[in-house]
Amino acid sequence: MHNFTRRHFLKAFGITSAAALTGIGCAPHAARNGAKAHVVVVGGGSGGATAARYLKQFSPDMMVTLVEPNATYVTCYGSNWVIGGFESMDSITHGYHNLRDRDGIDVIEDKVVGVDADNRTVRLESGDSLQYDKLVMSPGIDFKYDDMPGIEEADAEKIPHAWKAGEQTEMLRSQLLEMPNGGVFVMVAPPNPFRCPPGPYERVSLIAHYLKEHKPRSKIIVLDAKDNFSKQGLFEEGWEMHYGDMIEWRAASDGGLVEEIDVGEMTARADAGFERVRADVMNFIPAQRAGQIAHDVGLTNDEGWVPVDQRTFKSEMDDNIYVLGDASVAGAMPKSGHSANNQGKIVAAAIVRELMDQEPIDPSSANTCYSLITPEHGISVAAVYKYQDGAQAGVEGAGGVSPSGETSSFREREAAFTRAWYAGITQDIWG
Amino acid sequence: MKQSRLFVAGLVASLAMVGTTSQAIADNDEITRGQLMAASCKACHNAAGAEKGVPDLGRISPEVIQSQMRAFRDGDRDATIMDRHAKGYTDEEIEAMSVYFARF
Numbered sequence: 001m002h003n004f005t006r007r008h009f010l011k012a013f014g015i016t017s018a019a020a021l022t023g024i025g026c027a028p029h030a031a032r033n034g035a036k037a038h039v040v041v042v043g044g045g046s047g048g049a050t051a052a053r054y055l056k057q058f059s060p061d062m063m064v065t066l067v068e069p070n071a072t073y074v075t076c077y078g079s080n081w082v083i084g085g086f087e088s089m090d091s092i093t094h095g096y097h098n099l100r101d102r103d104g105i106d107v108i109e110d111k112v113v114g115v116d117a118d119n120r121t122v123r124l125e126s127g128d129s130l131q132y133d134k135l136v137m138s139p140g141i142d143f144k145y146d147d148m149p150g151i152e153e154a155d156a157e158k159i160p161h162a163w164k165a166g167e168q169t170e171m172l173r174s175q176l177l178e179m180p181n182g183g184v185f186v187m188v189a190p191p192n193p194f195r196c197p198p199g200p201y202e203r204v205s206l207i208a209h210y211l212k213e214h215k216p217r218s219k220i221i222v223l224d225a226k227d228n229f230s231k232q233g234l235f236e237e238g239w240e241m242h243y244g245d246m247i248e249w250r251a252a253s254d255g256g257l258v259e260e261i262d263v264g265e266m267t268a269r270a271d272a273g274f275e276r277v278r279a280d281v282m283n284f285i286p287a288q289r290a291g292q293i294a295h296d297v298g299l300t301n302d303e304g305w306v307p308v309d310q311r312t313f314k315s316e317m318d319d320n321i322y323v324l325g326d327a328s329v330a331g332a333m334p335k336s337g338h339s340a341n342n343q344g345k346i347v348a349a350a351i352v353r354e355l356m357d358q359e360p361i362d363p364s365s366a367n368t369c370y371s372l373i374t375p376e377h378g379i380s381v382a383a384v385y386k387y388q389d390g391a392q393a394g395v396e397g398a399g400g401v402s403p404s405g406e407t408s409s410f411r412e413r414e415a416a417f418t419r420a421w422y423a424g425i426t427q428d429i430w431g
Numbered sequence: 432m433k434q435s436r437l438f439v440a441g442l443v444a445s446l447a448m449v450g451t452t453s454q455a456i457a458d459n460d461e462i463t464r465g466q467l468m469a470a471s472c473k474a475c476h477n478a479a480g481a482e483k484g485v486p487d488l489g490r491i492s493p494e495v496i497q498s499q500m501r502a503f504r505d506g507d508r509d510a511t512i513m514d515r516h517a518k519g520y521t522d523e524e525i526e527a528m529s530v531y532f533a534r535f
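Just so you know, the sequences run in chain order A and B.
In this text, residue positions in the first sequence follow our numbering: the first is 1, and each later residue adds one.
In this text, residue positions in the second sequence follow our numbering: the first is 432, and each later residue adds one.
Note that these hints are calculated values from the structure, not bench results.
Each residue gets a CB set at the ideal place from its N, CA and C atoms; glycine is no exception.
There's no promise every hint is true.
What the hints assert, rightly or not - Residues of chain A placed beyond 12 Å of chain B at every Cβ, according to the derived structure:
(1) Phe58
(2) Val113
(3) Pro149
(4) Glu259
(5) Glu260
(6) Glu265
(7) Gly273
(8) Asn341
(9) Asn367
(10) Ala383
Claimed, not checked - Footprint (simulated), chain B over chain A, 3 or more residues, beta carbon under 8 Å:
(11) 178 to 185
(12) 347 to 356
The shape of chain A in the complex, shown without the other chains:
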């Protein structure tokens, strides 16, 4: 453990001096009293902002600093509603003024470029550094463009991923607006595990909603790296009900697995080279891994994700670093905004208890993932998680997906609850 932290200290800072190696006498003592401790939170998304707010709520005198490079955060959840044309970017964009002005969190607009775990400091792009007693990292995802021949990260300017919301969301929306009636929209859907398991399928639902109204001769093709997907039965039921045969989903083993993308020709080569699918608008959602900073600090495993103690979300690599959200390996909990929100609370409780010399508790939390098939047709998957036998596990007999074959009024109520969920959780996260 000690050698490991030494190594990633060196990796993150590129320092090789003897002084750094011996780390002479400059490490701070951990505050024994939670009230005096300083916690630095890296990343102001669903996990990080929640952790910061709940640390202050559980321990009002604690010093909490949130480091986030952007002035606002655009949620990936809800971004399909913008792409579908019935919500605005403003409605999914959140600022940090409540955290800063009302919750007493020191919000710094800067980017973390290195972590010195031995000396418990983070280095910022501006050149400043911050000392911490506990570090919470919620770095989200980055993409594995190397896994797909023919396309690289810079090509996202032509073929958007739109899987980190913001400019990419607007780009995909404007490409759909420019697409001719009778055009073909192609989504290349990612392999597991990835952020927001039902997200790609909500997206094609709501693109179909837009096209049906404005460009009804158009076609949607999903080329999937998987043979099944979240809430599949409910999505397919809804697609048939609302969009007839507009959406064609191809499973990996049925010609859906894409081997190469030709960016210039706007084609995806699939089915062992037998099929070249041409797109007017293409949405390539790459395979994913933990956000880059988690790799730079040396917290990731061979698969590119961050292993943690699933009781506290403390990194397996360092005793003072907690990692949550999409980047973490969290047992049965999906990579969802709601999971990140729950994990932010779990981490806040774990840190406060540890600083008070109290034993960790076995957390339990609830997750709900709503999706819209039309603006009035909502479906959901729910689960209750409990920490048991060393992992976050779903409680047997609880949770599951919305019933199939339900009435339109049931679907309308779930669509209304989808919006209530969004309003509630974003207030919980950003105040």
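Given chain A's structure and the hints, the job is docking chain B onto it.
Chain B only, in chain A's frame:
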């Protein structure tokens, strides 16, 4: 009659807790498992959710929360999703979380 007595009992319990609010979440108090479970529910069941039709549990008494969670769980009350959530909790867990909502 039964319903309204339950409501009054809950209201009294809620009012009684107001005086202890700041202490309950002060840093020298212990964060409990029930409190963390209640925090999870608050993602939907808060003031913003209430504006769009989801009850704000901070305004509902522990007794009513307990009876309604059991009703959802045991199939005595219809729901779109709360039946699926409620099945994940024991009576003891429902009781443990129910007392915290008014304190957040």
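Check the structure against each numbered hint from earlier and tell me which ones fail, lowest number first. 1, 8, 9, 10 and 11
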